[in-house]
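J.: Assemble chain V onto chain P, guided by the hints.
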Amino acid sequence: MSQEKPISKIHGSSGIPILKKRESLFKDGIRRLAKNRASVVGASLILIIILIAIFAPLIAIKPFASQVLVDQNKVSEWLVSVFPTMKPYAQISNDYPLGADYVGRDLFSRIVYGARISLTVAFIGPFISLLIGVIYGSISGYFGGRVDNFMMRIVDILYAFPSLLFIILLLAFFRSSAAHFQPGTIGYIFVKFDEALGGMFFIFVGIGLTAWETMARLTRGQVLSIREKEFVEAAHTIGASNLRIMFRHILPNILGPLVVAETLAIPGYISTEAFLSFIGLGVNPPTPSWGAMISDGAISLRSYPNQAIFPALALAITMFAFNFLGDGLRDALDPRLRGTQ
Amino acid sequence: MGRFIVRRMLYMVVVILVVSIITFGLMHAIPGGPFSREKALPAATIKILEERYHLDDPLWRQYVDYMNNVLIPHITTTPPSKALADDCLVNIKIGKVWIRWMNFGPSFKSRARTVNDIFRDNLPISAQLGTMALLVSISIGMPLGILAALKQNTIWDYLGMGVSILGVSVPVIVLGPIFVWLFGVALHWLPPTGWGAKPPYFLGFLPTTLGWDFFKFAIMPAIALGLGASAIIARLTRASLLQTVREDYIRTARAKGLHERVVITRHALKNSMIPVVTILGPLFAGLVTGTFVTELIFGIPGMGKYFVTSITNRDYPVIMGTILLYAVFLVIANLAVDIMYAYLDPRIRYD
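Heads up: the protein sequence lines correspond to chains P and V, in order. All the letters of the first sequence, read from the start, carry residue numbers 1 to 341 under my numbering. All the letters of the second sequence, read from the start, carry residue numbers 1001 to 1351 under my numbering.
Among these hints, one or two may not hold up.
[Said to hold, decoys possible] Here are the simulated DSSO-like cross-link-like pairs (lysine-lysine), alpha carbons at most 27 Å apart as the crow flies:
1) V:Lys1270 x P:Lys229
2) P:Lys35 x V:Lys1151
3) V:Lys1039 x V:Lys1305
4) V:Lys1093 x V:Lys1047
5) P:Lys229 x V:Lys1039
These are computed hints drawn from the structure, not numbers from a lab.
Chain P extracted, bound-state conformation (with noise of 0.2 Å):
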């Protein structure tokens, strides 16, 4: 919440203050943004990890791939005071500060340079879903009748196909044509292109082909709504286009609800990669992706808990951080809450 009084004590018929001094949208957002206590932290947060999955080598004790076979399930001193349960059979080995996994790997190492998958996507993610899904909703919102019908309708068809099974057959299919393709087609040089990024290029095509749909259809809601009002209805009889109407009228009034479902998607495009490489799909091993490592967890999940909750608690910090973020920025970019306190 924004602790700051507002510029001018003026309001405008709607409740919405009138600002002396003119600032841009962007400005005025990131400056009540670092007054709002919850994104800063939530800011800081993404900082660290950033900083962790730039310096991964830096930081990582022991290479992400390494096994040493003898040391499997090793556990450090203190993790045994943390779940008593793993006491009557847990090998104790300090080198391995948040034990070691199944092939004798070192966890910790592995948690650092999974930041790098889940941050990957983080920012991928609302790149692509974004850029598709505001244009496609507006104009379908904007301009309403037979176009916005035939456009939402292609949505609904897609919107009616199980995004994640989608995937999940995408994935297959690519991950299974991989050895099929001959040199030189657009299936081998996507394939090359997929083992160079560990397996992230379709990860990333199946989020933008899914994630865009809701984008699109909260745009158009909002649009729709919007453009009913009487602003919009001014900005018309003054002959302002089309397109000026849509960047200036309508975008910075939907850009709140946007900026909130777009970071509360953060989350999720992290935790849909977690998803895929939880059941195998995700990235290749032995890159190292939280999911993959929870998943080889839950395994082993009664005898050596350590191997799921740590990879767990990476996950669930890192987007919480992303959360806190996000509703900072709701507070801050949502010009409806503005000037309240």
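T.: Using the frame of chain P, we list chain V on its own:
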């Protein structure tokens, strides 16, 4: 409104057809067939198997046959047999004539079962889990959001939103293992895995075991799955209600001297539900697919495991069956959302 619903029903059929064509095409485009093994079967064996399941027919023929078996009711005088290829979901006897409908075919992987067996035995469990998670999410989310909005910037607001941020940050794959270990393994309060209900089910999907025997298994997975959705509902309810109470018509309602309770319940709440209702469609879809991971973590014998195993096994009838089923679910859910939309906001007209 009636016309709108009829039109949407017709259009539902189109959606299902499109979904079925895409799925059918994509799954046959995946290299390898249901009978490819690491150690290859003799060519003659594969030939016989393919002949038996009509996989040697041209693709369009296979598709038409499949859709014919699933969509079109067949009227025969022969009673249903025990044969795997002859298992219909709907068998109605009128006089000497049988009306038989929805034959989803046999499973290629589990040779003694049909897709309908999976629907009858495993689907009800997923439906029970999904329904309970939905109930959890609505009954936690809405009151939390309303409370936070009405007491904006008080301790209730911060507490409620703090809880909901936490809830939205812990997906099932995080909450699941923690629950299993904490309440199942360390504290022994609840059984860590398993499910309380077994077939036969009341009305096809309701559990016949009730009370603690059912709920001791269901509590953890339902909360683990529903909590994330409840947080989303709470945040949206709060944001939307805050926006609504600043509208002019609320001021008007207050100005004409209505009791605050009436203003909130009759004017603000109803209008603020519109964005919340929009999100219910995707949320429902998320819960439906979320049941899948939940079932894996909590060892629940639902439909979930057939999702992925059917694709990796190229078990064509199971892939088609599960995807069609979920597509029908989602289309119906979206229709319900649209109808609720019109009810909540009379400005939205569908004709």
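J.: Take the hints in turn and mark each one as holding or not.
T.: Against the structure, the hints:
no.	hint	in the structure
1	V:Lys1270 x P:Lys229	20 Å, holds
2	P:Lys35 x V:Lys1151	21 Å, holds
3	V:Lys1039 x V:Lys1305	24 Å, holds
4	V:Lys1093 x V:Lys1047	37 Å, violated
5	P:Lys229 x V:Lys1039	68 Å, violated
Against the hints set out earlier in the document, violations occur for numbers 4 and 5.
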